[in-house]
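Taking the hints into account, I'd like the entire structure generated from these sequences.
Protein chains: 2
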Amino acid sequence: MTQLINKQFRLAARPIGRPKKTDWEYREDAVPNLQDGELLVQAKFISLDPAMRGWMNDARSYIAPVEIGAVMRAGAVGKVIASRHTKFSEGMYVVGSLGVQSHAVSDGAGLMAVDPKLAPLSLYLGALGMPGMTAYFGLLDVGQPKEGETVVVSGAAGAVGSVVGQIARIKGCKVVGIAGGPEKCNMLTETLRFDAAIDYKSDDLRKSLKAACPNGIDVYFDNVGGDILDTVLTRINRSARIPICGAISQYNNTTPIKGPSNYLSLLINRARMEGFIVFDYAGRYKTAMQEIAGWIASGELTVKEHIVSGIETFPETLLMLFDGGNTGKLMIQVD
Amino acid sequence: MTQLINKQFRLAARPIGRPKKTDWEYREDAVPNLQDGELLVQAKFISLDPAMRGWMNDARSYIAPVEIGAVMRAGAVGKVIASRHTKFSEGMYVVGSLGVQSHAVSDGAGLMAVDPKLAPLSLYLGALGMPGMTAYFGLLDVGQPKEGETVVVSGAAGAVGSVVGQIARIKGCKVVGIAGGPEKCNMLTETLRFDAAIDYKSDDLRKSLKAACPNGIDVYFDNVGGDILDTVLTRINRSARIPICGAISQYNNTTPIKGPSNYLSLLINRARMEGFIVFDYAGRYKTAMQEIAGWIASGELTVKEHIVSGIETFPETLLMLFDGGNTGKLMIQVD
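Listed in order, the protein sequences are those of chains A and B.
FYI, in this note's numbering the residues of the first sequence are 1212 to 1546.
FYI, in this note's numbering the residues of the second sequence are 1212 to 1546.
The hints are simulated quantities; they were obtained by calculation from the structure and are not laboratory data.
Honestly, I wouldn't trust all of these hints.
Which copy is meant is left open, because identical chains are indistinguishable; a pair holds if it fits in one copy or across any two.
Using 27 Å as the maximum straight-line C-alpha spacing, the simulated DSSO-like pairs for lysine-lysine come out as follows [as the list claims (entries may be wrong)]:
# : residue 1 : residue 2
1 : Lys1421   : Lys1328
2 : Lys1469   : Lys1231
3 : Lys1357   : Lys1469
4 : Lys1412   : Lys1328
5 : Lys1418   : Lys1328
6 : Lys1412   : Lys1469
7 : Lys1418   : Lys1469
8 : Lys1290   : Lys1382
Quick look at the structure:
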């Protein structure tokens, strides 16, 4: 066996605002020999997620920041190509937090075996992975949509938003997606069968929301924060629920985050805004995965993926998330 | 019977920012003769509440704005001095939305008979009235404090806050009040038996919260909004609940309301911020009143009142709410 090389991106500096190329260190290191209890995974797909921006900051959060000099944290799916681990054997496929690298040595903690015959590998980073779980539990547990209610989702063409809207449709809700640009909006109504889509880049959001949601908004699944959250707050119904999934419009701010000026709409409308972290639902992932897989199989849920080739593209590819460059789940195909 | 004169304040203009004297019209009108189904109430105490500022704005809310030219809306308690109503007879005492006036003609809608032998009349505007109900349902239903948890309340020396903190203490919580000035803070810890009080005017709020809440904050009952809400958000625990009762720091703004920049703390901490309106709990007022009356009788709950004499003082007395001038329930004694 020739010496394997691990292509990897390490965090070189904490970004101020938008992550720059110099915030990363690209390295090619020899893959070390395995110790007892370790396995080696060759990554096939690496997941790029908005949450990664938060992990780069040195701030108290739901998870420790990535240390300077460490391989950047990322979800990935790959093949076990060597193993001295009792649970994972060579030839198996696994998904987990394997980092932005082509070859990951792991002690197996947090890894889950997946079956590439049941679903394409990339799905385990998308609709059957963290974004799918985030959509499922954030919408159903936190948002608690009821049949006939109006659900609005921002970042609607993204990995999470595209699944949120479709689950809401499956549950009998009226679904309105907010996304940037006519192509994404067409995709939402044509391919994903949302009831309406609003292009926040060109439409008057307030007027469009009024037109698309004549009965008001019962659930707003927020991926973006900022002005969109503030505008939606003016249109919510009594007892509305606002799951806070993220605030991608604010992640690269160099000034303080824009808080929602219209938050007193929560008071008037007896509404609530509630944060959640998908990891809390780990005990129920299996059930959610089965249900989502069933919807995919029946054609009720359409998966959108945006796959970029080559781990070397990581610094630029990551920025697509903040520039609205991707439609559906963004990931890097390794090799 | 000599002709009775009704002293009254009518809304003359919608205030911009802080209500000015010229936003009011003071009038003395003859009390009209009663029609069938009407009663005449001589007000004893008129309630002054932060919510009144919102009612003066021409904005969509949970209740219609007060019309220009109409008697200002206010809760009041008084004596029935004439009646052609089947349910309310002369000599009874009633509480309800009777307005800022000495003599109110009413059709009985929304009026409740009260017994001045069971409790001093003024209590029906405070701990046994809307502020008490707001504290009770906002804390217990929305905040859901559990024994041993830490509850923080702002506007803690006010009509609502002073009751919130005491109910939290009765329920076995650690209670920290935020108020303005050393006198109010002393009152909170000495008279109302809060565990700690923070003077937001002179203390470093962030440091004081850290010191007073070593185990973090589980429930934050917010009466004030603004910078205090933002600072508290940095100290909340996982699954914290934030009942939004009001935002008195923002009510006289002439610029947009300051939204909470730190609202993403809700996400990290899987916490929620939830608005409520006391009127929704009307069906349970009786139970709450009985429980609060019991706590007052047993000495577990101490009532603080701030009574100003003379309806003529209304425009200036109202401003005490925004200037932190009152300790406990602010009201005007008529006569």
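Tested hints:
In this assembly of identical chains, the alpha carbons of Lys1421 and Lys1328 never lie at most 27 Å apart, being 45 Å within a copy and 53 Å across copies at closest. Taking the shortest alpha-carbon separations for Lys1469 and Lys1231, only the intra-copy value of 23 Å comes in at or below 27 Å, while the best inter-copy value is 31 Å. Within a single copy, Lys1357 and Lys1469 get their C-alpha atoms no closer than 31 Å, and across copies no closer than 32 Å, so neither meets the 27 Å cut-off. Neither within a single protomer nor between protomers do Lys1412 and Lys1328 lie at most 27 Å apart by alpha-carbon distance, with minima of 40 Å and 65 Å respectively.
In this homomeric assembly, Lys1418 and Lys1328 never come within 27 Å of each other (Cα to Cα): the closest approach is 47 Å inside a single copy and 56 Å across copies. In this assembly of identical chains, Lys1412 and Lys1469 lie within 27 Å of each other by CA distance both inside one copy and across copies; the values are 19 Å within and 25 Å between. Proximity of Lys1418 to Lys1469 under the C-alpha cut-off of 27 Å is found in both arrangements, the shortest distances being 22 Å within a copy and 24 Å between copies. Taking the closest pair of Cα atoms, Lys1290 and Lys1382 never come within 27 Å of each other, the shortest separation being 36 Å inside a single copy and 55 Å across copies.
Violated hints, listed in ascending order, are 1, 3, 4, 5 and 8; each of the other numbered hints is respected by the structure.
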